[in-house]
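*Asks:* Protein chains in written order, with the working numbering: chain E, 1 to 391; chain S, 392 to 497; chain G, 498 to 662.
Keep in mind that a hint or two might mislead.
Computed beta-carbon distance windows for the label pairs [what the hints assert, rightly or not]: (1) G:Pro-624 with E:Leu-12: 27 to 35 angstroms; (2) G:Pro-624 with E:Val-19: 30 to 38 angstroms; (3) G:Gln-631 with E:Val-300: 35 to 43 angstroms; (4) G:Leu-652 with E:Ala-318: 15 to 23 angstroms; (5) G:Val-516 with E:Ala-351: 52 to 60 angstroms; (6) S:His-397 with E:Val-100: 29 to 37 angstroms; (7) G:Glu-642 with E:Val-360: 36 to 44 angstroms; (8) S:Gln-396 with E:Gly-14: 39 to 47 angstroms; (9) G:Val-516 with E:Met-112: 15 to 23 angstroms.
Chain S stretches covered by chain G per the calculated footprint, using a threshold of three residues with CB under 8 angstroms from any CB of chain G [to be verified]: (10) 392-403; (11) 406-418; (12) 427-436; (13) 444-457; (14) 468-479; (15) 486-492.
The set of hints was computed from the structure by calculation and includes no laboratory data.
Glycine included, every Cβ here is placed at the ideal spot set by N, Cα and C.
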Amino acid sequence: MNDLFATLHAVLLGLLRAVLPEGLAQALVTLLGIAVVLGFVALVVMSQIWAERKVIARIQDRVGPNRVGPFGLLQSVADALKLLSKEDVVPARADRLVFVLAPLIVLVPSLMIFAVLPFNWDATVANLDVGVLYVLALATLPTLGIVLAGWASYNNYSLLGAMRAAAQLVSYEVPEVLAVLPVVLLAGTLSLWGIVQAQSSAWFILAPVVGPLAFLTFLISGIAEVNRSPFDLPEAESEIIAGFHMEYSGMRFALFFLAEYANAFSVSAVAATLFFGGWHGWLLPGYVWFVLKAYLLFLVMVWARGTLPRLRYDQLLAFAWKVLLPLTLVNLVLAAVVKELRLLEVVPWPALLVINLGVVGLLAWGYSQLYAAAQRRAAVPLLEAAQGARS
Amino acid sequence: MVGLQHYLILGAALFCIGLYGALARRNAVTVLMAIELMLNGVNVTFAALNRYLPLPADTSLFAGQLFVLFVITVAAAEAALGLAIIIAVYRLRRTVQVDQIDLLRG
Amino acid sequence: MTEVVAAGAFYVFALAALVGGLGVVSARHVVRSALFLMLALSSVAAIYVLLSADFVAAVQILIYTGAIMLLLLFAIMLTPQQVELPPFASAGQQVAAGVVAAALLALLVGTVLVTPWPLAATPLDRPTTEAIGQAMLTTFVFPFELASLVLLVGLVGALLLARED
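Turn these sequences into a full structure, and let the hints steer you where they fit.
*Replies:* And the structure:
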């Protein structure tokens, strides 16, 4: 079962070699792989939309979609059909070329990221030597599409939303890149397949202090990069009337929607690859584990959306530059220490797990003590005022 | 099939197109974009020479690509500064047409 | 077979880069120029991939298409022109520029075609990232540190120049 893709590849290649020249056979098999990955992405996005609506509904003490199909499973299909049947509206004074191209500039890089993800030891569309850099580079491109979309709509609120989105996305790119560097340092390679291979003994999240910190900063920056709550100020319905995609309706809006969910899944998948060992797991085949891990991380994102309030614009930027950036820089130094002491190779992973839980528990306890002390300090003037009012 | 000369001609073409743009456009931002094109033409030349010429004995194998990286870095700094200057000038004169920013002309 | 594909890919991306370049210098509206520049820069990244410079290609997309393009777009949006002025210089200047560019192109292409290039036996196709990193910290450490200084100065300078004082 674990060799499914290798055997499929060999069988197909053998079949095609009989009828076509070598180069053409290889090209056709690669194209088939790309088609499989894109089909998978489409399926996953539809399931993501359903899962998000159901989970958010339960968090908000309601049921969520339950009319279309069993448990509302066909809701995504119904939404897609509705969006497809809408009128194609382009604002009268909008620059038509830019208006049409902007959703594509947002969507295409998001889909291109899936080409380097290692679904299994034998199931990567393109095993690039610079896989991590490729993913990070593609993550910077949707910003351009968003800014162009806001500008092309010929609408003050769209432009404002787009500018705020650009400032947010650019600010969170720096911690995102720096958060990935400790992983690259520990693995010794930029190739995503190589990084998963390097985790065969211990997942990188188990690296003492460095692992959880890098994972947290990457996840937070990733959530900010895909414009999800609590960082969804640029597109929040209650804020600036849906911001940069306000003038987009029908299929064009569907492209933005698709891009956002594909982006969210790709961030989860990259986090699963970098920190949770990609395809490594017991019993089940590698690709099942990979999709499971990525999906669980996506559910963490949904959980964050349902529970955390939205960050205000200045809080957003201050958090990126004053909190995340110093943390990632410190993390890089710590990662160098961990690499030099060869902790991941020498210490067995259950011991690393215990150490990490201990460190995290200690930090959580310390933070709760600080919080309680701050509460007590804030309550003193109130107590004094109450006593003064009584006497 | 496709050899060094093809890449060098591409680099030269990009450089000359950028040169024309830098000389013939009025908007300062467009002039900057043309300059970026010129830098890209030069970078393509560096990368192509790095691939096709014999290995150097006394420096890194990838000296050409290192040059490209440094050019990209300096181009980023230069674009930032140039655009800051353009924005500052716009605030003062409400225009970015290069032939209207001529206070220093004698 | 791979030779044919590589050659075909080169022609496709070279054409895209040239179309992008021509679009930058001839589009009427500055945002269209920016779009064409995006096309040109991405095509140049693809050319780097064809030249086995994978690290440089990723950096090109990350910095040029990702960051510098955003800077340019912001500058375009912060400097809207009040009156619709002609985007091109006077006809005489355009002709002169065209002549200069064409002459330079002729000179460069002539030089490229005439020179007996000392080609290596096989083109350099080795993994680049680690070697580039090593070189940056040994042979090229001085330019590396200077480049970071240049970026710092650029950062502070741009901040100072663009402030609303």
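*Asks:* State, for the Cβ atoms of Gln-396 of chain S and Gly-14 of chain E, whether the hinted interval 39 to 47 angstroms holds or is violated.
*Replies:* Cβ of Gln-396 of chain S to Cβ of Gly-14 of chain E: about 40 angstroms, so the range 39 to 47 angstroms holds.
*Asks:* Counting residues of the region 468-479 of chain S whose CB is closer than 8 angstroms to a CB in chain G, do you get three or more?
*Replies:* Contact hint for the region 468-479 of chain S vs chain G: holds, 11 residues under 8 angstroms.
*Asks:* For the region 406-418 of chain S, count the residues whose Cβ lies under 8 angstroms from any Cβ of chain G; is that count three or more?
*Replies:* Holds, because 12 residues of the region 406-418 of chain S bring their Cβ atoms closer than 8 angstroms to Cβ atoms of chain G.
*Asks:* Would you say the C-beta atoms of Gln-631 of chain G and Val-300 of chain E sit inside 35 to 43 angstroms of each other?
*Replies:* holds, 38 angstroms
*Asks:* Count residues of the region 427-436 of chain S with a Cβ under 8 angstroms from any Cβ of chain G, then say if the count reaches three.
*Replies:* holds (count 5)
*Asks:* So the hint says 30 to 38 angstroms: do the beta-carbon atoms of Pro-624 of chain G and Val-19 of chain E match that?
*Replies:* The hinted range 30 to 38 angstroms holds for Pro-624 of chain G and Val-19 of chain E, with Cβ atoms some 35 angstroms apart.
*Asks:* Take a look at whether the Cβ-Cβ distance between Leu-652 of chain G and Ala-318 of chain E falls inside 15 to 23 angstroms.
*Replies:* holds, 19 angstroms
*Asks:* Take a look at whether the Cβ-Cβ distance between Val-516 of chain G and Met-112 of chain E falls inside 15 to 23 angstroms.
*Replies:* holds, 21 angstroms
*Asks:* Are Glu-642 of chain G and Val-360 of chain E spaced within 36 to 44 angstroms by their CB atoms?
*Replies:* At roughly 37 angstroms between Cβ atoms, Val-360 of chain E and Glu-642 of chain G fall inside 36 to 44 angstroms, so the hint holds.
*Asks:* If I claimed the Cβ atoms of Pro-624 of chain G and Leu-12 of chain E lie 27 to 35 angstroms apart, would that claim hold in this structure?
*Replies:* holds, 29 angstroms
*Asks:* Three residues minimum, CB to CB under 8 angstroms: does the region 392-403 of chain S make the cut for coverage by chain G? Let me know.
*Replies:* Since three or more residues must qualify, the claim that chain G covers the region 392-403 of chain S holds, with 11 doing so at under 8 angstroms.
*Asks:* Are there three or more residues in the region 486-492 of chain S whose C-beta lies within less than 8 angstroms of some C-beta in chain G?
*Replies:* holds (count 4)
The structure fails none of the hints (numbered hints given earlier).
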